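In the order they appear, the protein sequences are chains U and C.
Numbering of the first sequence is given in my numbering, commencing with residue 582 and proceeding in unit increments.
Numbering of the second sequence is given in my numbering, commencing with residue 582 and proceeding in unit increments.
Careful, some of the hints might be misleading.
No distinction is drawn between identical chains; accordingly, a pair holds when it is met within one copy or between any pair of copies.
Said to hold, decoys possible - Below, computed lysine-lysine pairings styled on DSBU-like, alpha-carbon distance capped at 30 angstroms:
1) Lys695 x Lys754
2) Lys638 x Lys780
3) Lys640 x Lys626
4) Lys626 x Lys790
5) Lys716 x Lys754
6) Lys669 x Lys716
7) Lys737 x Lys627
8) Lys669 x Lys695
9) Lys764 x Lys782
10) Lys669 x Lys704
11) Lys695 x Lys782
12) Lys780 x Lys647
13) Lys669 x Lys626
14) Lys669 x Lys627
15) Lys704 x Lys647
16) Lys766 x Lys782
17) Lys627 x Lys764
18) Lys643 x Lys783
Just so you know, the hints here were simulated from the structure itself, not pulled from any lab data.
Values in this document were obtained by computation on a predicted structure and should not be read as measured data.
Chain residues, written in single-letter form:
Number of protein chains: 2
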Amino acid sequence: MHSSAEENYLKAIYKLQEANGEMVATSALAQVLGIHMASVTDMLKKMSNKKLVAYQKSKGFKLTEKGRVAAIGIIRKHRLWEVFLVDKLGFRWDEVHDIAEQLEHIHSLELIDKLDAYLDFPKTDPHGDPIPDAKGVFAISKSVLLASLLPGSQGKFTGVTDHSSAFLNYLDKIGLSLGDSIKVKEVEEFDKNFTLVLKGKKSVIVSFKVANSLLISE
Amino acid sequence: MHSSAEENYLKAIYKLQEANGEMVATSALAQVLGIHMASVTDMLKKMSNKKLVAYQKSKGFKLTEKGRVAAIGIIRKHRLWEVFLVDKLGFRWDEVHDIAEQLEHIHSLELIDKLDAYLDFPKTDPHGDPIPDAKGVFAISKSVLLASLLPGSQGKFTGVTDHSSAFLNYLDKIGLSLGDSIKVKEVEEFDKNFTLVLKGKKSVIVSFKVANSLLISE
DNA sequence: AATAAATATTAGGCTAGCCTAATATTATAG
DNA sequence: CTATAATATTAGGCTAGCCTAATATTTATT
Ligand SMILES: [Mn+2]
Ligand SMILES: [Mn+2]
Ligand SMILES: [Mn+2]
Ligand SMILES: [Mn+2]
């Protein structure tokens, strides 16, 4: 089995590859993991020996197939535990990430599949992020940033790109929840503020920063 | 927060104190933890500095109040997770210990109390062991070993002293579950085999070794 | 192309938690 | 009470995973 440290590297590399394409830089990884570059270089040499990453000196690195499968497994565990914490234990969506960071490292062949079944095979986590199935397959979702929509368009709020407590609490405050319908009523040219209609009723004005952190589907 | 290693020491010391009285020996701890004595001495000096154990060179050691509270916290977590795994996820009682060994080290102020509430504040785990409440208080249970009972006596099967898979599977095989009524019909003088009547119906013969691993209440 | 800035690697060191081997202490038996 | 056995401690070493400081390499700027 892999150590928690290795698993955290795998997950971080996976996410960086998703966001920025193939090759990942030592500096980028050091930054997201909150670890010094020298340590990252160290660890990557070890993980390269274990064939978890393909490592090209001074060029960057990427996951091997073995590494990719492992990374998806960790993400699956993290997100399923988040669903458990919110749906079953009653945590709020801004409280679960840190606990899931620990739970994702529990090793058991059977545990996660049983948890998945118990939760009724959820397709997304409490933040709208897709949950890979037992085979590592993500349901494809074609969402766009609310900020990219023109006035008059509308859709369903299905995810966030900002997972911070501050942001999630803000959404709670304005009464916006995953699954709600959103219509773009107006976009102010001057400051790019968005005037939205939530669930066909409530009207709210949000900043571009907010609009640019909301994912919309349909 | 304490490390997983420290927590495992705390739990092991607590259980040894329960079983053998106040003072615990280095050798005993080394044995149950599967660690060499030199390492135990090492670790205990560190834990003594942290005021988790009171350590008297060459005499043994025992938990401080701080250590005792911490140990009970770990036991509470372990047993609540075992209940979750059996009652909610459908694991068998012989499958949950190793997973709970990992889950007991998840750190969260709120998680365990929410889990406790979700499980409806169970008083015992799947093996009949008592679960301390949020204040660290165990429900007092006055059970005795079946092996100590005389023919004619009867009671309710409420716990095991042997937690091995082999033993638990054997109980499944003879159809004996926690909560079942048991009556001692006969004790063979020659080999101390016990003839039992389960739930007022089924009659089975078990060895002294088995009788000596079953806890009976009432 | 030369220089400066950004990135990456190497070298050396540290702590936690384990190990083995050697030594010291305490208990037990004759 | 001494010899032996059982227990416990010390000394020295190891790996994982991190650190800082020094050095090397790549990229950007003039
Ligand atoms: Mn998360
Ligand atoms: Mn999430
Ligand atoms: Mn257990
Ligand atoms: Mn148990």
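Results of checking the hints against the structure:
1. Lys695 x Lys754: The answer is between: 24 angstroms across copies meets 30 angstroms, while 35 angstroms in one copy does not.
2. Lys638 x Lys780: Intra 52 angstroms, inter 70 angstroms, cutoff 30 angstroms: neither.
3. Lys640 x Lys626: So Lys640 and Lys626 pass the 30 angstroms test inside one copy only (13 angstroms; across, 47 angstroms).
4. Lys626 x Lys790: neither (39 angstroms within a copy, 53 angstroms between copies)
5. Lys716 x Lys754: neither (38 angstroms within a copy, 34 angstroms between copies)
6. Lys669 x Lys716: Both ways: Lys669 and Lys716 sit 24 angstroms apart in one copy and 23 angstroms across, limit 30 angstroms.
7. Lys737 x Lys627: Cα proximity of Lys737 and Lys627: none, with 44 angstroms in one copy and 55 angstroms across.
8. Lys669 x Lys695: both (14 angstroms within a copy, 9 angstroms between copies)
9. Lys764 x Lys782: The answer is within: 10 angstroms in one copy meets 30 angstroms, while 68 angstroms across copies does not.
10. Lys669 x Lys704: Classified as both: same-chain Cα gap 16 angstroms, cross-chain 20 angstroms, threshold 30 angstroms.
11. Lys695 x Lys782: neither (40 angstroms within a copy, 35 angstroms between copies)
12. Lys780 x Lys647: Classified as neither; 44 angstroms inside a copy, 53 angstroms across copies.
13. Lys669 x Lys626: neither (41 angstroms within a copy, 42 angstroms between copies)
14. Lys669 x Lys627: This pair counts as neither: shortest intra-copy Cα distance 39 angstroms, inter-copy 39 angstroms.
15. Lys704 x Lys647: within (24 angstroms within a copy, 44 angstroms between copies)
16. Lys766 x Lys782: So Lys766 and Lys782 pass the 30 angstroms test inside one copy only (12 angstroms; across, 73 angstroms).
17. Lys627 x Lys764: Neither way: Lys627 and Lys764 sit 50 angstroms apart in one copy and 61 angstroms across, limit 30 angstroms.
18. Lys643 x Lys783: neither (46 angstroms within a copy, 62 angstroms between copies)
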